[in-house]
Amino acid sequence: MKDSPTEVKSEVWSYVPQAGFYDEVFNHNAEVRAHWDSLTDSLTRMGAAGLARRWQEGRRLIRENGVTYNVYGDAESTTRPWPVDPIPLTIGPEEWKGIEAAIQQRATLLNKILLDLYGEQRLLRERFLPPDLVFPNTSFLRPCRGIETPGKEFLHVYSADIARSPDGKWWVLSDRTQAPSGAGYALENRLVTTRVLQDAFREANVRRLAPFFQSYKETLQSLARTNRDNPRIVLLTPGPYNETYFEHAFLARYLGYTLVEGADLTVRDDHVFLKTLGGLLPVDVILRRQDDYFCDPVELRSDSMLGIPGLLQAVRTGNVAVANALGSGAVESPAYAPFLPGLCRHLLYEELKIPNVATWWCGQKAPLQYVTENLERLVIKPAFPSRNFNPLFGAKLSKPEREALIGKIASSPADYVAQEQVALSTVPVWDEGHMGPRHMVVRVFAVASNGSYAVMPGGLTRVSKALDSMVVSMQSGGGSKDTWVQGEGPAPMFTLLRQFSHPLEVS
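Our numbering puts the first residue of the sequence shown at 27, with every later residue one more than the last.
Mixed in with the good hints, there may be bad ones.
As the list claims (entries may be wrong) - Result set (DSS-like, lysine-lysine): computed pairs, CA atoms no more than 27 Å apart in a straight line: (1) K138 <-> K379; (2) K178 <-> K391; (3) K407 <-> K491; (4) K138 <-> K123; (5) K379 <-> K195; (6) K178 <-> K195; (7) K123 <-> K379; (8) K491 <-> K422; (9) K123 <-> K243; (10) K391 <-> K407; (11) K243 <-> K178; (12) K425 <-> K407; (13) K178 <-> K138; (14) K425 <-> K379; (15) K243 <-> K195; (16) K195 <-> K407; (17) K491 <-> K195; (18) K422 <-> K407; (19) K434 <-> K422; (20) K391 <-> K434; (21) K379 <-> K491; (22) K391 <-> K422; (23) K407 <-> K138; (24) K243 <-> K138; (25) K379 <-> K422.
Since the hints were made in silico from the structure, they are not lab data.
Kindly produce the complete structure, drawing on both the sequences and the hints.
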């Protein structure tokens, strides 16, 4: 155990925690946290020159693997190399158990809410949810009401963005229930960092990601109504101009699925088929990575050029399964956050294990008054996709701008949500040969498995572009990290990566 930052600085650790924020590496006594010991030891032995040499190899891997993401509105080029930092975030085993249990609980709760909204709607009749929160939401798909989903599961895949407050407690910032992205990038980050930091990875007893993706595959396979031993599963992408298209292609290859766009599929007699040169091939399961209302121009959004006409009817008749189920984006709105504690007690008979960041939906009188009186301390977000705008930080608005925003909120209060601005924790980032602190958010993933949810032991950690910014977004110039969850002992060797040493048949 090291005693102070000065003892671990060396030529690598020129890193000083920032006052007023929870630091992931150092505690309030300026001591290295126990679960960081192994990594800091490895990096100190490696030295700045050694880490720089290894990171050249990491950058080469990113280029060779073609790891990219798309930036909307970039006049020069929409495609950029995926920004990865070589220093992973490390989380101890005991702390991870709490996060894992909380994510399982939250996924279960949101799945139950979706089942009710598209089924009996008792939560609306019994006033646990206000109708103005549900029916004006364009992500609530009325044509999906009454459709039975395999295993009574809407959420086959779920993710949540979590972050720490200055007291070290975790908070949920947002939920991703429609077509969660990032799991493929988390896997790619792991492939890079294990190549760059092989010894450190092994010494830290980091849990592996392959078992999670094995559960992912088993869940999708179980959704097939027929041909369960060998179902045809496709990954539906909006296309190469989508922000995370690389991830779609990477996951399809890694999981062994066919990557398709809407035009590659067709519906005949309420069955979905894949178009091939050899004819039509039946499709059993669709893993979609596009918004649900774009999936069927016949019943959902008539101007969609990305969907498959007749898909919803094929789902309705049970001839194809879609993951996540169409309509699952209804609970992705941050406006649900104030109601989740009560819904958790009502549906699961327990308290939320990780609370939401303080959130006010302006569709109710008391929250609207609070937001109006405290706008300078809050972040304003859209409640529904139809009101799409970037988050507005009240503290950065001038007085006339705040007054104008208050007027807009008053004219349509149900369309706005306000959240407390969290002072995000800091984590070290390797920047041009030096360590520097950045703010971070972790996206954690779960997949339905055996009546519960299996949680990825890790996730996609994203960091801010600069220390003076609380915006953690790849579109805004942020970066990413691998996330190391320590196990109690060495992790068993298991991989889904294909081996290319087998002989090839040539014809």
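Straight-line alpha-carbon gap K407 to K138, limit 27 Å: Holds, at roughly 25 Å.
27 Å limit on alpha-carbon distance, applied to hinted pair K379 and K195: holds, 11 Å
Satisfaction of hint between K138 and K243, Cα-Cα up to 27 Å: holds, 23 Å
K195 paired with K407 [C-alpha distance capped at 27 Å]: Holds, because 23 Å separates the two Cα atoms, which is no more than 27 Å.
Hint consistency between K178 and K138 [alpha-carbon to alpha-carbon, up to 27 Å]: Within the cut-off at roughly 9 Å; holds.
Distance restraint between K391 and K407, which requires alpha-carbon spacing of 27 Å or less: holds, 18 Å
Proposed proximity, K195 with K178 (alpha carbon, max 27 Å): Distance of about 33 Å is beyond 27 Å: violated.
Given pair status - K422, K491, alpha carbons within 27 Å: Holds, at about 18 Å.
Hinted pair K425 and K407, Cα distance within 27 Å: With Cα atoms ~19 Å apart, K425 and K407 stay inside 27 Å; holds.
27 Å limit on alpha-carbon distance, applied to hinted pair K243 and K178: Satisfied, since the Cα-Cα distance of roughly 18 Å is no more than 27 Å.
Proposed proximity, K391 with K178 (alpha carbon, max 27 Å): This hinted pair is violated, its Cα atoms lying about 35 Å apart.
Restraint check for K407 with K491, where alpha carbons must lie at most 27 Å apart: The given pair, whose Cα atoms are some 21 Å apart, holds under the 27 Å limit.
Checked against the numbered hints above, the structure breaks hints 2, 6, 14, 15, 21 and 25 and satisfies the rest.
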